[in-house]
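> Here are the chains, one letter per residue:
Protein chains: 2
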Amino acid sequence: MIAQTPTPPYYAVIFTSVKRPDDSGYSEMAKLMEELVVKQPGYLGHESARDGLGITVSYWDSLESIAAWKEVSLHKMAQKTGKERWYAHYSVRICRVEKAYEFP
Amino acid sequence: MIAQTPTPPYYAVIFTSVKRPDDSGYSEMAKLMEELVVKQPGYLGHESARDGLGITVSYWDSLESIAAWKEVSLHKMAQKTGKERWYAHYSVRICRVEKAYEFP
Chain W
1 MIAQTPTPPY
11 YAVIFTSVKR
21 PDDSGYSEMA
31 KLMEELVVKQ
41 PGYLGHESAR
51 DGLGITVSYW
61 DSLESIAAWK
71 EVSLHKMAQK
81 TGKERWYAHY
91 SVRICRVEKA
101 YEFP
Chain E
1 MIAQTPTPPY
11 YAVIFTSVKR
21 PDDSGYSEMA
31 KLMEELVVKQ
41 PGYLGHESAR
51 DGLGITVSYW
61 DSLESIAAWK
71 EVSLHKMAQK
81 TGKERWYAHY
91 SVRICRVEKA
101 YEFP
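If you're matching them up, the sequences are chains W and E in order. According to our numbering, the first sequence is numbered sequentially starting from 1. According to our numbering, the second sequence is numbered sequentially starting from 1.
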């Protein structure tokens, strides 16, 4: 559940979202996106949790890999539908992971 | 619930965790840490969600502010107790936020 990522530096996309009350179709699309993203070049892993606020962090080898995933046609369709139907609000932050440690 | 943060660059700490089955005392400590962290110099906001996996992302103005928060004595006590009692596994990633956008 915690993503196994390489020694930094690498990149992270922090996607934070609040959904609308009616999110019909969302879980099917989320499942499809999970199946697609793991096949993307440069994808390193992701972590996700939701309890009201949803946070998904995906990890990547480069900014170019992040940009390429954003342009995948099924993902673009999901982004469009997300704005039209599912999300009340979201935030995307693109980060360079400088340092990492874990327990144990 | 989604943190209002300034124009990048700024910093993010991604804290991902899996708790042990018995986490007595955890929620009280988490509440105390939330009260303390918002008073820290350089703190910009945070976002949190848990459904099995817990993800907390805190935002900071600098690496120095992140390092200072790590050394706050009550926070050090919480970190120690976390390792001894509450967490089965956790990961900390320190990141530089390069770019951000939001909807709407």
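Honestly, the hints are just simulated from the structure, not real lab data. A couple of the hints might just be wrong.
[Claimed, not checked] Here chain W is said to cover these stretches of chain E; the calculated rule only asks that three of the stretch's residues, wherever they fall, bring their Cβ under 8 Å from a Cβ of chain W:
#	stretch
1	26–38
2	46–52
3	91–104
[As the list claims (entries may be wrong)] Below, a list of computed lysine-lysine pairs in the DSS-like style, where the Cα atoms sit at most 27 Å apart:
#	chain 1	residue 1	chain 2	residue 2
4	W	99	E	83
5	W	39	E	80
6	E	99	W	83
7	W	80	E	99
8	W	70	E	70
9	E	19	E	76
10	W	19	E	31
11	E	31	E	19
12	E	83	E	70
13	E	70	W	99
14	E	99	E	19
15	W	31	W	70
16	E	99	W	99
17	W	19	W	31
18	E	99	W	70
Every value quoted in this text rests on a predicted model; they were computed, and no experiment measured them. We put the beta carbon where it would ideally sit given N, CA and C, even for glycine.
> It remains to establish, for every hint, whether it holds in the given structure.
Going through the hints against the structure:
{"no.": "1", "hint": "26–38", "result": "violated (count 0)"}
{"no.": "2", "hint": "46–52", "result": "holds (count 6)"}
{"no.": "3", "hint": "91–104", "result": "holds (count 14)"}
{"no.": "4", "hint": "99(W) - 83(E)", "result": "holds (20 Å)"}
{"no.": "5", "hint": "39(W) - 80(E)", "result": "violated (38 Å)"}
{"no.": "6", "hint": "99(E) - 83(W)", "result": "holds (20 Å)"}
{"no.": "7", "hint": "80(W) - 99(E)", "result": "holds (20 Å)"}
{"no.": "8", "hint": "70(W) - 70(E)", "result": "violated (34 Å)"}
{"no.": "9", "hint": "19(E) - 76(E)", "result": "holds (18 Å)"}
{"no.": "10", "hint": "19(W) - 31(E)", "result": "holds (25 Å)"}
{"no.": "11", "hint": "31(E) - 19(E)", "result": "holds (16 Å)"}
{"no.": "12", "hint": "83(E) - 70(E)", "result": "holds (14 Å)"}
{"no.": "13", "hint": "70(E) - 99(W)", "result": "holds (14 Å)"}
{"no.": "14", "hint": "99(E) - 19(E)", "result": "violated (31 Å)"}
{"no.": "15", "hint": "31(W) - 70(W)", "result": "holds (17 Å)"}
{"no.": "16", "hint": "99(E) - 99(W)", "result": "holds (18 Å)"}
{"no.": "17", "hint": "19(W) - 31(W)", "result": "holds (16 Å)"}
{"no.": "18", "hint": "99(E) - 70(W)", "result": "holds (14 Å)"}
When held up to the earlier numbered hints, the structure conflicts with 1, 5, 8 and 14 and fits the remainder.
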